[in-house]
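Here the protein sequences come in this chain order: A and B. Here my numbering is used: position 40 in the first sequence is 40, and no number is missing along the way. Here my numbering is used: position 194 in the second sequence is 242, and no number is missing along the way.
No lab work stands behind these hints, which were simulated from the structure alone. Hints may contain errors.
[As the list claims (entries may be wrong)] To give an idea of the interface, some chain B residues facing chain A are shown, with a C-beta separation under 7 Å as derived from the structure: (1) P85; (2) I86; (3) G88; (4) L113; (5) W184; (6) V201; (7) I211; (8) F212; (9) L216; (10) Y219.
[Said to hold, decoys possible] Cβ-Cβ distance ranges computed for the label pairs, FRET-style: (11) B:M233 / A:L15: 31 to 37 Å; (12) A:V3 / B:L166: 31 to 37 Å; (13) A:V3 / B:L117: 41 to 47 Å; (14) A:V3 / B:C79: 19 to 25 Å; (15) A:T8 / B:G122: 51 to 57 Å; (16) B:R114 / A:V3: 35 to 41 Å; (17) B:L223 / A:K14: 45 to 51 Å; (18) B:E123 / A:A43: 30 to 36 Å; (19) A:G12 / B:H226: 52 to 58 Å; (20) B:G122 / A:W25: 38 to 44 Å.
[Claimed, not checked] The calculated SDA-like cross-link candidates involving lysine to any residue, where the alpha carbons are at most 20 Å apart (straight line), are: (21) B:K178 / A:A34; (22) A:K14 / B:A202; (23) A:K14 / B:S192; (24) B:K178 / A:I35; (25) A:K14 / B:I198; (26) B:K178 / A:L15; (27) B:K178 / A:G18; (28) A:K14 / B:P188; (29) B:K155 / B:A228; (30) B:K155 / A:A34; (31) B:K149 / B:G116; (32) B:K149 / B:L166.
Owing to the predicted nature of the structure, the values given are computational and were not obtained by experimental measurement. Beta carbons are placed, not taken as given, at the ideal position from N, Cα and C, and that holds for glycine.
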Amino acid sequence: MEVLRYTTDVYGRKLLVGASWDLLWVPVALAGLAIIVHQVLRARRRAR
Amino acid sequence: MDSQLRETGTRHQWPDRVFHWTMALSVIVLCATAFLPILGLRFDWVPAHWISGFVLAAAILFHWLRVGLVHGVGEMMPGSDDLREVLLDLRARSGTLGPAKYDAYQKGYHWLSGLVVLVLAATGLLMMAKIDTPWWRRDPSILSDAQWGIVYVAHGFASLAIIFLVILHVYFALLPEHWATLKSMVRGRGPLLTRGARHEQEH
Numbered sequence: 001m002e003v004l005r006y007t008t009d010v011y012g013r014k015l016l017v018g019a020s021w022d023l024l025w026v027p028v029a030l031a032g033l034a035i036i037v038h039q040v041l042r043a044r045r046r047a048r
Numbered sequence: 049m050d051s052q053l054r055e056t057g058t059r060h061q062w063p064d065r066v067f068h069w070t071m072a073l074s075v076i077v078l079c080a081t082a083f084l085p086i087l088g089l090r091f092d093w094v095p096a097h098w099i100s101g102f103v104l105a106a107a108i109l110f111h112w113l114r115v116g117l118v119h120g121v122g123e124m125m126p127g128s129d130d131l132r133e134v135l136l137d138l139r140a141r142s143g144t145l146g147p148a149k150y151d152a153y154q155k156g157y158h159w160l161s162g163l164v165v166l167v168l169a170a171t172g173l174l175m176m177a178k179i180d181t182p183w184w185r186r187d188p189s190i191l192s193d194a195q196w197g198i199v200y201v202a203h204g205f206a207s208l209a210i211i212f213l214v215i216l217h218v219y220f221a222l223l224p225e226h227w228a229t230l231k232s233m234v235r236g237r238g239p240l241l242t243r244g245a246r247h248e249q250e251h
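Just chain A, with the same shape it has in the complex (with noise of 0.2 Å):
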């Protein structure tokens, strides 16, 4: 999986184009972590 997206300019250098959109799902994926974790702690701090 890329990070970072290139591109070849008129004279065959490198340059960086931004940042990769594979990287899409990460924050989805991390949002849905976060929530799984704050949901099970509130359902045992309820249950205490």
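Chain B: place on chain A using the hints.
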């Protein structure tokens, strides 16, 4: 619940509510116009993106004016009680803390999202130099190719971060225990304090 937390009044004045929902709408439009084309939905996304970016930048300036002239930063500044609040929660204990309009998590979210939105706005405004608008012609020569690369990377990673923050914000806002706070962002009236003097485990 702590009796202090039940005390209601005007939690958010109308200009601050207008700011909040203007920012929310512009961020939603910015995310949609940025990510839907990446996901395969083809449309002319650039005009809606830069216009909503301008709206967001104007909203940020308005917010700063309100902070400078009306609110001050005191209620949003983290303090030792915020650290103690987090430590109490991590240990699942109750304790005595200073009452606060915003709890430690709200302050943390505000400063983190503020930083991310500032990076997005600053890099986005720079990128405006690469498009024609009614006010200026494009001029990419203000930065070198390598410098533009850094600007794009910062904008890209900040846009990924804002997805994470928006999802969490919507999730926490919709939790039943936060409905009163959510309603206060619509109607204005709501709990004056998020954290009472007696801190209990509620979240």
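### Task
Could you work out which earlier hints the structure fails to respect and list their numbers in ascending sequence?
Violated hints: 1, 3, 4, 5, 11, 12, 21, 24, 32; rest satisfied.
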